[in-house]
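> Residue numbers (our numbering), protein chains in the order written: chain R, 122 to 660; chain B, 2 to 305; chain F, 5 to 311.
No lab work stands behind these hints: they were computed from the structure. There may be inaccurate statements among the hints.
[Claimed, not checked] Cross-link-like lysine-lysine pairs, in silico, DSBU-like; alpha carbons within 35 Å at most: (1) K387/R <-> K623/R; (2) K387/R <-> K408/R; (3) K585/R <-> K387/R; (4) K268/R <-> K408/R; (5) K129/F <-> K447/R; (6) K197/R <-> K206/B; (7) K214/B <-> K249/R; (8) K48/B <-> K320/R; (9) K456/R <-> K611/R; (10) K272/R <-> K48/B; (11) K48/B <-> K271/R.
Every value quoted in this text rests on a predicted model; they were computed, and no experiment measured them.
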Amino acid sequence: MTEALLTVRNLSVDFHTARGTVHAVRNASWSVNRGETLAILGESGSGKSVSASAVMNLLDIPPAEVVSGEILFEGKDLLKVSYEEHRALNGKRIAMIFQDPLGHLNPVYTVGWQIVEMMTAHGRPANKARARALELVTRVGIPDPEKALKKYPHEFSGGQRQRLMIAMALMLKPDILIADEPTTALDVTIQAEVLALLKELQAETGMGLVLITHDLGVVAEIADRVVVMSQGEIVEEGSVREVYHHPRHPYTRKLIGAAPGKGEIKQPATDAPALLEVRELAKSYGKFTALKDASFTLSRGQSLAVVGESGSGKSTLARTILRLEKADSGKALWKGKDLITMSPRELLSVRREIQMVFQDPTQSLNPRMSVYQLISEGWDIHRLMPDRKARRRRVDELLEQVGLLPEHAERYPHQFSGGQRQRIAIARALALEPELIICDEAVSALDVSVQAQVMALLDGLRKKFGISYLFIAHDLGVVRDFADMVLVMKSGEIVEGGPTEKVFNAPEHPYTRRLLAANLDPDPDVQAQRRQMAATAPS
Amino acid sequence: MIGLIGQRAIASLASLVVLMVMVFFLSRLTGDPAALFLPIDATEEMKQQFRTLHGLDRPVLEQFVMYVWDVLRLDFGESLRRARPAIDVVLEAYAWTLPLALITMALVVVAAIVLGAIAAFNVGGIIDRGISVVSLIGASAPDFWIAIVAIVLFAINLGWLPTSGVGTPWHWIMPVAVLFIRPFGLIVQVVRGSMLSALAAPYVKTARAKGVKNRPIIFVHTLRNAMLPVITVIGDQAAALLNGAVIVETIFGFPGIGKLMIDSILQRDFNVVMAAILVTAVAIFIMNILIDIAYSILDPRIRQ
Amino acid sequence: MTDISQTNASPAELRGAPALLAMLWRDKFAFVSAVVLLIIIICALIGPVFLGDLAASQNLRGRNSPPFDLSRGWAFVLGGDSLGRPVLARLIVAAQSTMMVAAGAVFSAMTVGALFGLVAGYMGKNVSQLVMRLADVIMSFPSLLLAVVVLYLLGPSVPNMILVLAITRIPIYLRTTRAEVLEVRERMFVQAAVVMGASHWRIIFRHILPIIAPTLVTIATLDFAFVMLAESSLSFLGIGIQPPNITWGLMVSQGRPYLNTAWWLAFWPGLMIVITALSLNLLSNWMRVALDPAQRWRLESRKTGHD
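For reference, chain R alone in the conformation it holds in the complex (with noise of 0.2 Å):
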C-alpha cells in the first residue's frame, strides 16, 4: 500500500483541566486516501472528535497539548508546518463540516457571504465565487438557489443548513472532507438524505471522507474502513465488514452487542383490559395543529411506543394526556375516568398512578436535591409512608432494583454519570407504583451501551411488576425491541399503528414505509442489500 494522503500517527494530545489532566487520545494512528470513506466510531468522551480537530488545527492549545505524534499530509507533517501554511491548507485541500450547523454558521452574516467566503479567504476573486457557490447550492439540493443565498441560517431547517455547509465544504474541491456528527441532529429520513448526499458527492469528487459518528448504522450505511475509539485508544480497526461480523476487541462486541433492533419482536397480551384510552385528542397552537384526533387504546400490561420525527406531535400527545398542556378537545379515559375534564381532587390520585420518565436526566433531577429527597419527594405529596426508617429502607431497595447502590442515596444528582442519573429517574418513578411509566425519547440522550441497559432495566420492571409502558421514541431500532404495539405519528396524526411485529413486517402507511427505510441497520450487509433493492426498486 502507497502512502495516504493523510495520515495521523501515534497521536497522543492531553487537555489541562482545572481537575487535571485529561488523556484524551492515545497513540490513535489512522490514514484516509481519496475516494475511500474511513469512519471514527466511539463513544462520548472517547475522543473521538480529537485527533480531527488536531488535523485542522481547531484545538485550543492550552487547555489542548500534543504531547506526541505526526499528522502527514502529502508527507507534510501539519504538527509542525507554520500557522499560515496550515490555514492554507484548511478548507481548500481539507475541508470540514459539524454536527450543528446553526451554531457553526454565524448568524448574523448571509449564507451566500459564508460560503463565497470559502473561496475569497483563499484569494480566489468574488465573482468567480459566487458562480460556484450558486451552482453548489443548486447541486445540494437547496430551493430556489439565488434566493437562499441572500437569506440568514435561521431562515433555513436543520437538513437544509447541513446542506449548505457541505456546500461551503466542496466550494474548493477538497482532497478530504471531515464530517463532525454531521447527521446526529436530523431526523432519520433527513439523515439518509444527507448521507445519500455526502456519497454522492464524494462519487463526484473523489475525495476522501472522514466521518466522525457514534452511530453503527451510519458506519454501516456509508463507510469502507472504521476505527472504533474509547477512551482515548484505538481499540479495533478494519474494514466495516469485518469489523462488524467478528469485532476482536471486547468493546467493539459490547458497543455491536447493544445496537438495537436485532431481538425477538414481542406479542401483545391479547385478553387485556383496557388502561388508558384516548379519543380524537387535539391540540393546536395558534394556526399550527400540534395534534389532531388521535386515538388509541393501551392495555394494561402492554409497551405502546409512538413513534415519529420532531414536530410528528407524539410529545404534545403525551403532555396533552398528562394535563401538562390543555387538550382543546377530545378525551384520555384512565380506568374509564376522562383525565381531561378530572377535577384536582381526582387528579392528584392518579399522578401516583402514572409517572413519567424525561428524555434528559440531567435536567429532569433537580440539582439541588439529594438522590433520597428525589425519590422520596412523591411520598411527601402523597402523604405516603410516614416512617422514616420504611421510606430509608424503601428508598434503599428501589435504589438497589435500578442497579445502584443504597449509599448512592445522600449524593446529588451531577455526582453520577448519564445512565446513572436515567436509573435515579427511574427509581423516582418507582416509588409511587405506578400502573404506567410515560418514558419520552427515555433513552436518546444515553449512549448505546449504557441506553441498552436502561431498556433492559425498564423491561425488566415490566415482567416483574406488570407495568405499562407509553414510550415515546424516534429510535426504531429501540421500538422493535422493547415495544409490543406501535403508532407511527406524522404532522400531529397517528397515520398507523398495530401490533409490532406487524408495523415494522409489513408497513401500511408510506411513511411508515419510508420511515423504516431510512432507519439505518447497524449491519453492513443489511444496508447494502437494501440500498441495491432501493436502486432496482421502481420508483
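Starting from the known structure of chain R, arrange chains B and F on it as the hints suggest.
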C-alpha cells in the same frame, strides 16, 4: 422596524403620561411655593396674590386640567423662579447636558470596546487584570467622592484645572472624566465577556476550518456578534447620562439639566421640573430608537 | 461485562457551610473582602455603644487637626473634624447608619421584588404584564425625584431613606426573579414535579426558589454596594440622612467646605465607602461562581484529579 418604533413610542408615551401625572400630584404635595419664593416677612395678602397669579389657589384637579390643556398646546408655563418660559430654561440647560453626555459616551464606547477586546485576547494578562481592577474601583467609588478628590488634587493642589463652572474646554475635563468612570467599567466588562464568548462560538471554529485569516475572524466574524449585548448596555448607560448627572453637575457647577432638576425640585419650581422630565424623556426615547436601529442592523434575526 | 452503574460516583464532597468556607479560603481576594466586611459589620453593630459619646464630644482644640498625629490619642489618628470631633470614632459610628440603611433597603427590596417576581413569573400572562408595567413605571421614575418627594412628605429619617431606596431597587429583583422563574418553570424537573402531583406551593418553594436564591443573593450583594452609594449621594446632596445622625456620605458632604484646609474630612469617609463597595463587588463576583453548581468546580479543590 416601523412597527417596533411605533410599539416603543406607545409604551414610552404611556409611561411618560403616568410619570407626569404622578409628578404633578406628588410635587404639589411637597410644600407651598409661596412660602419659599416670597421674602420671609411677606404678608398673607402678598402670598395670596402670588398664589392667585400662578393659579396655585385653585383645586389641584383644576390645576391639572389646565396644565394638561397648556401642555397640549406646547405651553409648559413659566418658571416661578426665573420668570421665563419653563421650556426655555430647560432647553438651555439641556444644551449643556447633551454635549456632556455625548462626549462622555463617545469616549466610553471607544475606550471600552478597544480595551475590552484587548483584555479578551489576553485573558489573565496584565492588561486584563489592569482593566478589571479599574472597572471594579470604578464600580465601587462614589462619583461625588471622586469629584472631590479630583478637585483637591488637580484644581487646588496642582492648579492644573479650574474647580468649577464652564467657559473653556478645560472646564469640561473633570466632569467628563468623573462621568466616564462608571459606564466605562461596566461596558468594558461586558465587551470582554461577550468577546470571549464570541471567540469560543462554534462559528469561529467553522471560520478557522475554512482557513479564514485571524484578522477577519476577529473583526468580521466575532466583533459584530460580540457587539449585540454591548449595545444594550450602552443604551442603559447613555440613558442614565441623558437623565442628567446631578452630582457631577452640582459639584462642578455645570449648568446642565441635572443641576436644574435638583434646584427646581428644592425650589418647588414645578413647571421647570415637568418640562425637564418631558425633555429628558424625549431624548431617551430618541436614543432608544437609535439603539433599536443599530441592533437590527447588526442582527438579522431581529428584523422579522 | 461491567455494569456502568456499579462504578462508583465521585466521592461524597463537603456540602453546606464548611464547603463554602473552604472555597472562600481558596480565593484570597474574596476571603479578604469577606473579612473586611465582617469587621465593618462588627463595627456597625457595637461601635456606637462604645464610641457614641466620643464621636459626639466636641473639642475645640482638636478642630481640623491633621491625621497621623497620635498626640491627641488614637481616636484622632485620622484627624479631627471642624468641631474637633475625632474622625475615626465618627467613621465607626457612621458605619451603623450607613449599613442599616443599605441593609434595610436591600432586604426589603429583595423580599418584595422576589415575591412579586415569583408571582409574575409563575402566574399567567395578565398578572405578569400588570406587575411588569408597574416595574417599568418605577424604573422610569427618576429615583432622585422620588427620593425628594418621599423625603419631603415624610421627613428625612433612616426608615424613610430605607423606604425610598427600597422602592427604587424593587424592579431589579422583580425582573431578575421573574426572568429566572420563567426559565426555571420550564425546566424538566419542574415538569416532573407537576407530573408527580406537586402543589403550586411546593413547586415554587421547593423547586423554583432554591434554584434562583443564589442569583438573588449574588445580586443583593452587588446591590448593597449600589444602595450604599445611592444613600451617600442623597446624603451628600443634603436630602438624605440629616445631622446629628451621620453616614459616610453625609460626612463627605460635611467635609466639602473644608477641602482647601482639611482634605481628610471628606477623604476618609469616601475611602470607607470605596473599601466597602469594593469588598462587596469582589464577594459578589466570587458568589456568582461559587453558588452556581455548574461553575462551582472551578473553585473546588484540585486534589480529586480528573474523572
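> Of all the hints given earlier, name the ones this structure violates by number, lowest first.
Result: hints 2, 8, 10 and 11 break, sorted rising.
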